[in-house]
Amino acid sequence: MRGERCRSEDFQHKLQLFSAVHLQNMSSPPSPSPSRWFRALRRTRLGEPCLKTYPLECVDVLKRARVAFRARRTLKEGFRLAQLEAVVQMLEEHECDFVDALGRDLHKPRFETVVSELILVKNEALHAVNNLKRWMQPQHVERNLSTSLDECLVVSEPLGVVLIVGTWCSPVQMCLVPLVGAIAAGNCAIISPSECTAHTAELLHRLIPFYLDNECFHVIIAGSNDLPEVVELKFDHVFFTGNGEEGSRIAQAAARTLTPVTLILGGKNPCYVDQQCDVATAAQRVAWARFHNAGQSLAAPGYILCHADVKARLVQALKCCLLQFYGSDPRESRSYGRMVNPELFNRTRDMLWRSGKVTVGGQVIEAEKYIAPTILTEVAEQDPIMQQDFFGPVLPVLTVKDVDEAIDFINKQEKPLCVYAYSSNSKVISRLMTETSSGSFCANDSVVQSLMVALPFGGVGASGMGSYHGRHSFDAFSHRKSCLLRSTRFECVTYLRYPPYEDRNLSLMTWASTLSQKSQGWCQIL
Amino acid sequence: MVKDNEERILIALHKDLAKPKFEAVLSEVDIVINELYYAIDNLSSWLKPEYVSKNLATKLDDCFVQRQPLGVVLIIGPWNYPLQLLLIPLVAAIAAGNCVLIKPSEVSAATDSLIAELIPKYLSQDCYAVVHGGAEETKALLQNRFDHIFYTGSQTVARSIMQAASIHLTPVTLELGGKCPCIIYGKIDITAAARRIAWAKFFNAGQSCVAPDYVLCSPANRDALLPELRKVLENFYGKDPQTCPDFSRIVSPRHWTRLMELLGKSSGKVVLGGESSQEDKYIAPTVLVDVAEDDALMQEEIFGPILPILTIESLEKGIELINRKEKPLALYAFSDESSVVNTVLQNTSSGGFCSNDGIIHMTLPSLPFGGVGASGWGSYHGRWGFEAFSHRRAVMLRGWALERLNGLRYPPYSEDKLSWLRWTHLLGSRYSSRKACSSRLHLRPH
Numbered sequence: 001m002r003g004e005r006c007r008s009e010d011f012q013h014k015l016q017l018f019s020a021v022h023l024q025n026m027s028s029p030p031s032p033s034p035s036r037w038f039r040a041l042r043r044t045r046l047g048e049p050c051l052k053t054y055p056l057e058c059v060d061v062l063k064r065a066r067v068a069f070r071a072r073r074t075l076k077e078g079f080r081l082a083q084l085e086a087v088v089q090m091l092e093e094h095e096c097d098f099v100d101a102l103g104r105d106l107h108k109p110r111f112e113t114v115v116s117e118l119i120l121v122k123n124e125a126l127h128a129v130n131n132l133k134r135w136m137q138p139q140h141v142e143r144n145l146s147t148s149l150d151e152c153l154v155v156s157e158p159l160g161v162v163l164i165v166g167t168w169c170s171p172v173q174m175c176l177v178p179l180v181g182a183i184a185a186g187n188c189a190i191i192s193p194s195e196c197t198a199h200t201a202e203l204l205h206r207l208i209p210f211y212l213d214n215e216c217f218h219v220i221i222a223g224s225n226d227l228p229e230v231v232e233l234k235f236d237h238v239f240f241t242g243n244g245e246e247g248s249r250i251a252q253a254a255a256r257t258l259t260p261v262t263l264i265l266g267g268k269n270p271c272y273v274d275q276q277c278d279v280a281t282a283a284q285r286v287a288w289a290r291f292h293n294a295g296q297s298l299a300a301p302g303y304i305l306c307h308a309d310v311k312a313r314l315v316q317a318l319k320c321c322l323l324q325f326y327g328s329d330p331r332e333s334r335s336y337g338r339m340v341n342p343e344l345f346n347r348t349r350d351m352l353w354r355s356g357k358v359t360v361g362g363q364v365i366e367a368e369k370y371i372a373p374t375i376l377t378e379v380a381e382q383d384p385i386m387q388q389d390f391f392g393p394v395l396p397v398l399t400v401k402d403v404d405e406a407i408d409f410i411n412k413q414e415k416p417l418c419v420y421a422y423s424s425n426s427k428v429i430s431r432l433m434t435e436t437s438s439g440s441f442c443a444n445d446s447v448v449q450s451l452m453v454a455l456p457f458g459g460v461g462a463s464g465m466g467s468y469h470g471r472h473s474f475d476a477f478s479h480r481k482s483c484l485l486r487s488t489r490f491e492c493v494t495y496l497r498y499p500p501y502e503d504r505n506l507s508l509m510t511w512a513s514t515l516s517q518k519s520q521g522w523c524q525i526l
Numbered sequence: 001m002v003k004d005n006e007e008r009i010l011i012a013l014h015k016d017l018a019k020p021k022f023e024a025v026l027s028e029v030d031i032v033i034n035e036l037y038y039a040i041d042n043l044s045s046w047l048k049p050e051y052v053s054k055n056l057a058t059k060l061d062d063c064f065v066q067r068q069p070l071g072v073v074l075i076i077g078p079w080n081y082p083l084q085l086l087l088i089p090l091v092a093a094i095a096a097g098n099c100v101l102i103k104p105s106e107v108s109a110a111t112d113s114l115i116a117e118l119i120p121k122y123l124s125q126d127c128y129a130v131v132h133g134g135a136e137e138t139k140a141l142l143q144n145r146f147d148h149i150f151y152t153g154s155q156t157v158a159r160s161i162m163q164a165a166s167i168h169l170t171p172v173t174l175e176l177g178g179k180c181p182c183i184i185y186g187k188i189d190i191t192a193a194a195r196r197i198a199w200a201k202f203f204n205a206g207q208s209c210v211a212p213d214y215v216l217c218s219p220a221n222r223d224a225l226l227p228e229l230r231k232v233l234e235n236f237y238g239k240d241p242q243t244c245p246d247f248s249r250i251v252s253p254r255h256w257t258r259l260m261e262l263l264g265k266s267s268g269k270v271v272l273g274g275e276s277s278q279e280d281k282y283i284a285p286t287v288l289v290d291v292a293e294d295d296a297l298m299q300e301e302i303f304g305p306i307l308p309i310l311t312i313e314s315l316e317k318g319i320e321l322i323n324r325k326e327k328p329l330a331l332y333a334f335s336d337e338s339s340v341v342n343t344v345l346q347n348t349s350s351g352g353f354c355s356n357d358g359i360i361h362m363t364l365p366s367l368p369f370g371g372v373g374a375s376g377w378g379s380y381h382g383r384w385g386f387e388a389f390s391h392r393r394a395v396m397l398r399g400w401a402l403e404r405l406n407g408l409r410y411p412p413y414s415e416d417k418l419s420w421l422r423w424t425h426l427l428g429s430r431y432s433s434r435k436a437c438s439s440r441l442h443l444r445p446h
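So the protein lines, in turn, are chains A and B.
When the count follows the UniProt record's numbering, it moves up by one through the first sequence with no breaks and lands on 526 for the last residue.
When the count follows the UniProt record's numbering, it moves up by one through the second sequence with no breaks and lands on 446 for the last residue.
A couple of the hints might just be wrong.
[Stated by the list, open to error] Derived list of chain A stretches under chain B, where covered just means 3 residues or more per stretch with a C-beta under 8 Å from a C-beta of chain B: (1) 106-119; (2) 151-160; (3) 242-251; (4) 324-332.
To be clear, the hints were calculated from the coordinates, so they are not data collected in a lab.
Glycine residues also receive a C-beta, built at the ideal position from the N, C-alpha and C atoms.
Working from the sequences, and respecting the hints, build out all of it.
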């Protein structure tokens, strides 16, 4: 502990020295100059590793963002609207570039990129544009007897400079949807896309300076090991999407600087399939949810719990769906993705080989980071795949005797991001909804509840804290300041509270309190 | 519990802080009872699921937000309003359906033992418990995993609490203090302002997290303010506040020493008060002038009956001074000109804001009470407290119908399907192309 503290103090001192020298040497902030653009472009085309931003450079970037925020540029409604529309324009004009980058990083089919990354972000941005005026309005609140002559309102203020850390499974969406919220709320933002999806990170790093204000919004590419150091540079809010282990490190770094955080952490999302349900449709929906983006999705069903009677039918139906979706050899299918990097590939493959029995799929090709859509049966609770978090196109199926056992099983695990229930019996759905807790819940479908702009998307317990999407993004990046605007007149009411204290004044105030307790429940004469 | 034991509560509070009965009833007892009635009356509407607007694809589904309790929460209370700042979060936590562990402050010892005695008598012992102890015991307590931690107190302790919480990924609500500035500018009824500022500052001997910490005003206003303050303080507490039963004391010798040291190190000039007595833990209501920005009194939250007055040349300079400091829990602006109030409101940030009065913005349950930046985060009171201790779970209940529409999203992917999906998206978003064209003129960055 002590050694660590010394190191960070030493580091801070060095940072300050370096940034002072660095600032002296800089006459003006770097603009997206053509040569820099071409260098980045060449690197992307040749598939070289992208330029990494070290914590030292982040100091400078953070300083510029703070200066820009203090200049109050981001507060005007017109500015926020222009930036949001710029995001939409960037996605529309560079659709091909995004499809290309995600294709290289994740072998993501064009369809998935356009639908789940680009259209999704555009939806959020347009929703924000349409509703910004209303969100920015102060909210008048109910007054009591003593404040009936005052103005009581809640005003939404931006927090300042926020850090948004994206993850690799949906790199564009995970960076830009929070960015939309941050812009709408009037903050400056520094985005850190995941270095695992190098081409997408590079693309964002290259494009954003052309579309968004250069002083207010920056893109840095920090390694996951450097992130805690970056967080300790002190932001006004940190928004992190990723896995539990990294989330904990970020939370601890934020605690050291008293920085509020929003964490969206992945986990294993249980999916209960009841005996009474339309197995064919359920299989289609589950298969799509689990295997799109080669299983690399935070909201995908992590494992299935079903009765032994349903299992055989469900597995057969899933097999048919997979055939229908990806053909007899998914490797040849243009609709199927790949694992993001060799480490993740190895991890998923090991878990696959050491858990349960492969009933469908199971083929792996290391050179292509390809894992076939796989279904495992005879999986035990102690198997590696049930003990650790994983992202990949593998779906374990566990059997339970009934709904009670399923609910007990779900509640024994950490609270997940989502709980899914497939049943035609509304009582079963109701039980699963009320007797379990999770970030969100969806009956008879999966993942779609996270795509709705009006519903908050976030975790609880081990799956994170805070939520976003739509208005909730705006709220996540705002401070709700309570304001009471009084005048100096009407001392005839307030005089009761001043010393010298008299019992009769107190009785009068207490009596006035009880007057409205039954109807409104509260009243304070002060 | 509160109603039955009011007498005992008042005695305990008097023992800890020499709190006058009036202040105790108003700020500890009544406020809690009001909060309770508010929660009882509104609970059923808070618990109702909140239906949201749906898009084209989800028109036949049920989409709503359900509130769930978080689980077991820990509430750590401070010593300055030992009952209120412990029980109001407790009301919110109970309303949200959680089990609660309460840790009152050991500094307000009499109230601590009273709460420990009363809570098990009135509330279910399985769900609610009181824990005692100082720093060591709290550290040990924090090694356990909670589902939420609610802390009111200082920044230093908050940091260690948050670090302990972050290991378990426990969310926290922090209600921390700060130096709450009080800026007086422009046309102002100086008598009324003096009365309100004096009341807010010296209530509970200045030991309130939202008490005006320092005053910023022009030299002219200061000269008008001082005689008014003198008159008001004499009206409130008489010529010798030490003999007046309406003025509280400092909570402990350690805190008294801290305040006296600050006063000693300050280079300001004492114009009112300044008397003190160590045995009685008494410090007179004190006002200082000629205080500079780098004075000892301006470096940390005062939390006592000492009011420094700083002079500013203009409103802008005052706002700049405020913005150079950390964001406070509350900010006060005294002016009869609404333009001045609005300028301060829009150019500064704080947990809460009140014009032409102090403290009372936190007594309205419909307003969220909380900090921002260094003064904490999260908020409570009324419905906001209920939300602080709840989890908002998104729920979507679908049926089996419309599978053909769903079919658009399944592989094998094709350009046809993509066009259909784009078309439905265009239909769904109500963004007009006319608006798009006109605003795109300003899009290129500079």
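Results for each hint:
1. Proximity of the region 106-119 of chain A to chain B, defined as three or more residues with a beta carbon under 8 Å from a beta carbon of that chain, is established by the 7 residues found.
2. Chain B is given as covering the region 151-160 of chain A, and this holds because 6 residues of the stretch bring a CB closer than 8 Å to a CB of that chain, at least three being needed.
3. Counting residues of the region 242-251 of chain A whose beta carbon lies closer than 8 Å to any beta carbon of chain B gives 4, which meets the minimum of three for the stated coverage.
4. Remark: the region 324-332 of chain A is confirmed as covered by chain B, as 4 of its residues place a Cβ nearer than 8 Å to a Cβ of that chain, reaching the required three.
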